[in-house]
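Top line first, the protein sequences correspond to chains A and B. Quick note: the first sequence uses my numbering, first residue 69, plus one each step. Quick note: the second sequence uses my numbering, first residue 775, plus one each step.
Don't read these hints as lab results, they were simulated from the structure. From the three backbone atoms N, C-alpha and C, an ideal C-beta is built for every residue, glycine too. One thing to keep in mind: the hints can contain errors.
[Said to hold, decoys possible] Once the Cα atoms are required to be at most 25 Å apart in a straight line, the calculated DMTMM-like pairs of lysine to aspartate or glutamate come out as:
id, chain 1, residue 1, chain 2, residue 2
1, B, K818, A, D117
2, B, K818, A, E107
3, B, K783, A, E107
4, B, K845, A, E107
5, A, K165, B, D844
6, A, K165, B, E827
7, B, K810, A, E147
8, A, K165, B, E877
9, A, K165, B, D812
10, B, K810, A, E124
11, B, K818, A, D95
[Stated by the list, open to error] Where chain A lies over chain B, by a calculated footprint (3+ residues, C-beta under 8 Å):
id, stretch
12, 816 to 824
13, 852 to 861
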Amino acid sequence: GENVEQHPSTLSVQEGDSAVIKCTYSDSASNYFPWYKQELGKRPQLIIDIRSNVGEKKDQRIAVTLNKTAKHFSLHITETQPEDSAVYFCAASTTDKLIFGTGTRLQVFP
Amino acid sequence: DTAVSQTPKYLVTQMGNDKSIKCEQNLGHDTMYWYKQDSKKFLKIMFSYNNKELIINETVPNRFSPKSPDKAHLNLHINSLELGDSAVYFCASSQAGGSSYNEQFFGPGTRLTVL
Chain A
69 GENVEQHPST LSVQEGDSAV IKCTYSDSAS NYFPWYKQEL GKRPQLIIDI
119 RSNVGEKKDQ RIAVTLNKTA KHFSLHITET QPEDSAVYFC AASTTDKLIF
169 GTGTRLQVFP
Chain B
775 DTAVSQTPKY LVTQMGNDKS IKCEQNLGHD TMYWYKQDSK KFLKIMFSYN
825 NKELIINETV PNRFSPKSPD KAHLNLHINS LELGDSAVYF CASSQAGGSS
875 YNEQFFGPGT RLTVL
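Work out the full structure, taking the sequences as your base and the hints as a guide.
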């Protein structure tokens, strides 16, 4: 079955800096790669996703890149703000279920 | 106008008790899920139902029994609660997968504490 590894587990950055979170997956059949943000005590919410026929996708300060050959995908947040502080989860799926990474706790210091 | 709702939000109970968590979605989605998030924040799928039919059962102890009376509702009943069941349980829903996987919308979570 699918296995998703996520690094780093914690990430601290200064406000205005960029943050990068990386994930690798094992199942070459996976074709959907969402990223979820979970604020303290709240539900996970989708922030961006990418499908296997696309190499990069951007939405304002957030971008995701996918390297299908290497089975890597990454989340890039530019110009970080304190409200970006949260736990971020990557996930990978084929058609029936999402397998989540272990999460990255991002702290943005003012 | 809540999309995915769960009740209760908090549940504190003694070991050995039986409890239920309810989930409802008003998005018209065909597929619903239960996830368990432990103290380390790992999110792990437990069950998935599509149009009231069980499609995923991730080797969860049979003390956990999901029930889907219709495609808008997915409940989780837990028998003989154990300390290790303490976690946050999230319900989620999505439009049917098939060859095109779609965003999952999560409920607010139910924090279960077993004493």
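Hint-by-hint comparison with the structure:
no. : hint              : in the structure
1   : K818(B) x D117(A) : holds (19 Å)
2   : K818(B) x E107(A) : holds (18 Å)
3   : K783(B) x E107(A) : holds (16 Å)
4   : K845(B) x E107(A) : violated (29 Å)
5   : K165(A) x D844(B) : holds (20 Å)
6   : K165(A) x E827(B) : holds (15 Å)
7   : K810(B) x E147(A) : violated (33 Å)
8   : K165(A) x E877(B) : holds (11 Å)
9   : K165(A) x D812(B) : holds (19 Å)
10  : K810(B) x E124(A) : violated (31 Å)
11  : K818(B) x D95(A)  : holds (17 Å)
12  : 816 to 824        : holds (count 5)
13  : 852 to 861        : violated (count 0)
Checked against the numbered hints above, the structure breaks hints 4, 7, 10, 13 and satisfies the rest.
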